[in-house]
Amino acid sequence: MPLDIDRIRAQFPALRRRVNDHPLVYLDSAATSQKPSVVLDAERTFLEQHNAAVHRGAHTLAAEATELFESSRERLARFLGAAPEEIVWTAGATAALNLLAYSFSNASRGRGGEPAERFRLGPGDELVVTELEHHANLIPWQELAARTGATLRPIGVDDAGRLRMDEAVEVIGEHTRVLAFAHVSNVLGAINPVAELVALARRFGALVVLDACQSAPHLSLDLKALDVDFAVLSGHKMLGPLGIGVLYGRRELLDAMPPFLTGGSMITSVMMERAEYLPSPARFEAGTQPVSQAIGLAAAVDFLDELGMEQVHERDAELGQALVTGLTAIPGIRVLGPAPGEPRVGLAGFIVDGVHSHDVGQFLDELGIAVRVGHHCAEPLHRRLGLAASTRASTSVYTTDAEVAAFLDGVGRIRAFFRA
Amino acid sequence: MPLDIDRIRAQFPALRRRVNDHPLVYLDSAATSQKPSVVLDAERTFLEQHNAAVHRGAHTLAAEATELFESSRERLARFLGAAPEEIVWTAGATAALNLLAYSFSNASRGRGGEPAERFRLGPGDELVVTELEHHANLIPWQELAARTGATLRPIGVDDAGRLRMDEAVEVIGEHTRVLAFAHVSNVLGAINPVAELVALARRFGALVVLDACQSAPHLSLDLKALDVDFAVLSGHKMLGPLGIGVLYGRRELLDAMPPFLTGGSMITSVMMERAEYLPSPARFEAGTQPVSQAIGLAAAVDFLDELGMEQVHERDAELGQALVTGLTAIPGIRVLGPAPGEPRVGLAGFIVDGVHSHDVGQFLDELGIAVRVGHHCAEPLHRRLGLAASTRASTSVYTTDAEVAAFLDGVGRIRAFFRA
Amino acid sequence: MSRQDLRNLYQDVLVDHSHERHGYGLLEDPTAESHGINRSCGDEITLHIRAGDGVIESVGWTGHGCAISQASASMLSDIVAGLTRDECTRCLDRFRSMLQSRGKDDGDEELLGDAVALSGVSLYPPRINCAMLAWTALEDGLTRIDA
Amino acid sequence: MSRQDLRNLYQDVLVDHSHERHGYGLLEDPTAESHGINRSCGDEITLHIRAGDGVIESVGWTGHGCAISQASASMLSDIVAGLTRDECTRCLDRFRSMLQSRGKDDGDEELLGDAVALSGVSLYPPRINCAMLAWTALEDGLTRIDA
Ligand SMILES: Cc1ncc(COP(=O)(O)O)c(C=O)c1O
Ligand SMILES: Cc1ncc(COP(=O)(O)O)c(C=O)c1O
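Protein chains in written order, with full-length UniProt numbering: chain B, 1 to 420; chain A, 1 to 420; chain W, 1 to 147; chain D, 1 to 147.
To be clear, the hints were calculated from the coordinates, so they are not data collected in a lab.
Check each hint, because a few of them may be wrong.
As the list claims (entries may be wrong) - Stretches of chain A that chain B covers, calculated by requiring three or more beta carbons in the stretch to come under 8 Å of a beta carbon on chain B:
no.: 1; region: 147-155
no.: 2; region: 194-207
no.: 3; region: 265-277
no.: 4; region: 290-302
no.: 5; region: 357-366
no.: 6; region: 403-416
Claimed, not checked - A few chain W residues facing chain B, derived, Cβ under 10 Å:
no.: 7; residue: Tyr24
no.: 8; residue: Ile37
no.: 9; residue: Arg39
no.: 10; residue: Pro126
no.: 11; residue: Arg127
Every residue gets a Cβ at the ideal spot worked out from N, C-alpha and C, and that includes glycine.
All chains should be modelled from the sequences, with the hints used to inform the complete structure.
Structural data, given as structure tokens:
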């Protein structure tokens, strides 16, 4: 059964906005999605009725808050095909990737003792990323390399932005300790070959980190089936609140890693000189947690599951094709990433010949159409493709065919306006 | 003009809760405060009308979101007596303290180059904290010491929990590089002598870090006047949302510190091998920010300023005295921290002779009274005072005299119930 | 059973045990020692078991904690003295399922003795760990006794 | 002025300049060089100034950016050639205040020439940096010229 878009839209108050005398056409969901009322309500109900700090209190509100917080963790675990102990709450995907990078460098300094030895890095060790990564999945590894003396090695992309699997085969080798890559590119919309990459990494015992930011909102994820060691995502990109994200890690890995952030609620005992740490996930959740946001994210995941992730994915693929087909048909437009007919999510980066993406964005904004312009935090990819910037349209479950049509119509008029 | 508590209470939906057939008496505000509707509304209005990622987009919603986000920063700066560039958004106080500790250890590894030299630590250098710190202001410094070879030195407290200034004079010296301490103790309610401690640190050029978590909700803060180098606070303890906090830092210091979290929106340019970083505060705000929460915190600060921080402080002191006086009058109760009549905020930790704090908390919860039990993330202080745990009642602007009376009445009946 | 009255949680026999603390003190010559900590509140117990001929001869303990954890340890030391390891495990299982019953299981008095007075704890989920503290230490200690 | 029509932002003369890019290309023998970057979008400019006898003889530039930044650089190079340093600074001040006026200042055509066509930018705050890019580079460059 296809999605009932009208019914869905009714649940997103932000979509009633008008912009520059036009109804808002929000095609910037890959940056941050709009949120359905059930998510806003879940947060508000918590804050109005159960708000308390979790895990620390014996009073009724604290017990209720703890229960809601932990059942939200179970909910996310179910959504991702993981166990609750494998779900660590973070402030977002960026925080989650930094958690990994800092925990590994703490291990490299001897923290975490023997169990953490497998995370120690030093000269000769290699961290492998791809050229199409979002900065969040690149700079933390650059810094980790700088801190430990390990070497960062990129897997390149070809002129069409496809990951060069021939290069992957060469780059991933016995020195590879970590392989980190995006499930779905936030510029190209392409879905990377997880199974092949995991197989390469497994051959050499490297840890695999999956950046699932742009896949979690669109695809049905089964992290156990994908067989990655770690995965990260951000709630705000998948209909959930800002300020919440998830680090998934295989349990035995999380339990062996030294802490990253330290403070309250992650310890068993604290002396003035030193502290003992709880097992994961508590070990990685220092301080007061974003409880209302975790509950909101669980509500978002409920919302998605009620739609059905299969249906969501189908609709998303349809929108992706509509974007790429429509854009390709417009003279002077070059679409980045997969050609029409090839798999892509509902996201398309493109170039308007002779018009800078800022001007493209401004033109569309005048029509109430919100797209993203710039390098989308993927500067190396743009440089590789010989671009300084691009424009990106990205969809969500609330995107209509009429919105795509309005967008394509707008794009079709840009070059004339700028006499390009 | 004293606070109109009834009018205030009407704005806190959570206070209408009933617990175990009693009206909720929420005396756990030091753990996390309840939130007024204006805060919830500010977040919701943003999410329903302006939600977009900030700083990255050219479209109308993104421009609005950026404007709201940055004006919230200005609002917090005004509240704290700081400049907007000196306000870094974090996920909370714990995250803010970790930011400092990790930035300093990154500097110690040579990151940040010459300007960051003043933050480099190594063997021989000393970090000074107090024995009454919350774990959030202790463990990050322990870990920093472990990472850099610096030594952590505590300033002790006396049997009454008072900071031993005689020890402070001895401990703070030419090797002291950082002095970190709580403005107000989250267990004792005592206000530490900031001016004296700052003067000691200044004599030796040490950096001063103020943990303002428990002062910001109660006292009027002027960070410039307090003359500290850094300060941290958590929004959720001062009527604001969960998941948002502030790091204040003197501008020239923040601009010289190397980044902590890395990722999107904190860079000027990114190559595959390395990245260049923006100046602060952007340098420290990697990834999608908790925009709705920042806006909510600004609304909380508006709410406080409308009440008037002088009035808030006055009322708070009154409640603190009511607690300590009332508790002291009950046989078998020992109050921690300042004696009646001495300055304290609206917070009292206490011991019920012969009854464990968990049972105290359970008894009070049965009456609808929410207090905190345990070591309140200050295990070393409890150990120093010869305690495993204590009970803590803490107030906020919405606390009534009747609530304090109900609490005192409840406490008075505990020992009989447990035949202590 | 309902939460109506706090006496359903803190039954008189529970409060008695919390004061009397049967078995308090460590054994001179333990067969096994184990240590338990309640992560949510920092309460601790050290538990000694002396066993011989497949039978738990006695249990001694020290530590600190709330009335529930202290009473529970006290009751435990009454119950398990003289039991075989298997009987011990049966007690443990029954005790645990009583605590997890959310008020549906009043406990098997024949097996658990005074410890059925802890059945009220099942209505207070955050306190279940308090009641379990000594029992999890026992469970852990048992794994260190051969036979 | 209002935002009514996007042509108020992208006036014809602006679009012309964005294509023509007067002064594009670096100078052979610059007195000062400066570099500007628009942090929010990554647009860049390199600006060369040749000065002598207290007068800006010419300005050349390269870089990439949106129509507004390119047009602005193009207009700048028309305006400042032949100006004294002080005149240059006056232009800069007037230009900046026009952009910050939120639609209230149409600009001084005598002083700013074609650059008054950028007055519409003041109604689009996120674009002000685009229009300022070349001018901030100029300001920076001027500090490196003595006299
Ligand atoms: C004095 C003090 N410092 C730091 C913290 C940590 O704050 P948060 O848990 O919000 O990060 C708290 C509260 O838990 C506190 O009371
Ligand atoms: C592929 C990818 N990875 C990581 C991130 C970072 O996520 P966040 O900014 O929510 O931390 C994003 C989004 O900005 C992304 O698209």
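Cβ contact check, 8 Å cutoff: the region 290-302 of chain A against chain B, three residues minimum: Since three or more residues must qualify, the claim that chain B covers the region 290-302 of chain A holds, with 4 doing so at under 8 Å.
Verdict on chain B covering the region 194-207 of chain A, criterion of 3 CB contacts below 8 Å: violated (count 0)
Given hint Pro126 of chain W near chain B, where the shortest CB pair must fall under 10 Å: It holds, given that the least Cβ distance between Pro126 of chain W and chain B is near 5 Å, below 10 Å.
Chain B over the region 147-155 of chain A, status - at least 3 residues with CB closer than 8 Å: Check passed, 3 qualifying residues.
Tyr24 of chain W as an interface hint toward chain B, with CB separation required under 10 Å: Result: violated, 22 Å to nearest chain B Cβ.
Assertion that chain B covers the region 265-277 of chain A - criterion: three or more residues, beta-carbon distance below 8 Å: It holds: at least three residues are needed, and the region 265-277 of chain A offers 9 whose Cβ sits within less than 8 Å of chain B.
Evaluation of the interface hint that places Arg127 of chain W against chain B, nearest CB under 10 Å: Holds: closest Cβ of chain B sits about 8 Å from Arg127 of chain W, inside 10 Å.
Evaluation of the interface hint that places Ile37 of chain W against chain B, nearest CB under 10 Å: This interface hint holds because 6 Å falls under the 10 Å limit.
Restraint check, 10 Å cut-off on beta carbons, for Arg39 of chain W near chain B: holds (6 Å)
Annotated coverage of the region 403-416 of chain A by chain B, confirmed only when three residues or more have a Cβ within 8 Å: Three-residue rule not met by the region 403-416 of chain A, so violated; n is 0.
Within 8 Å of chain B's CB atoms, at least three CB atoms from the region 357-366 of chain A: coverage verdict: holds (count 5)
Hint compliance for this structure: hints 2, 6 and 7 are not met, and every other hint is.
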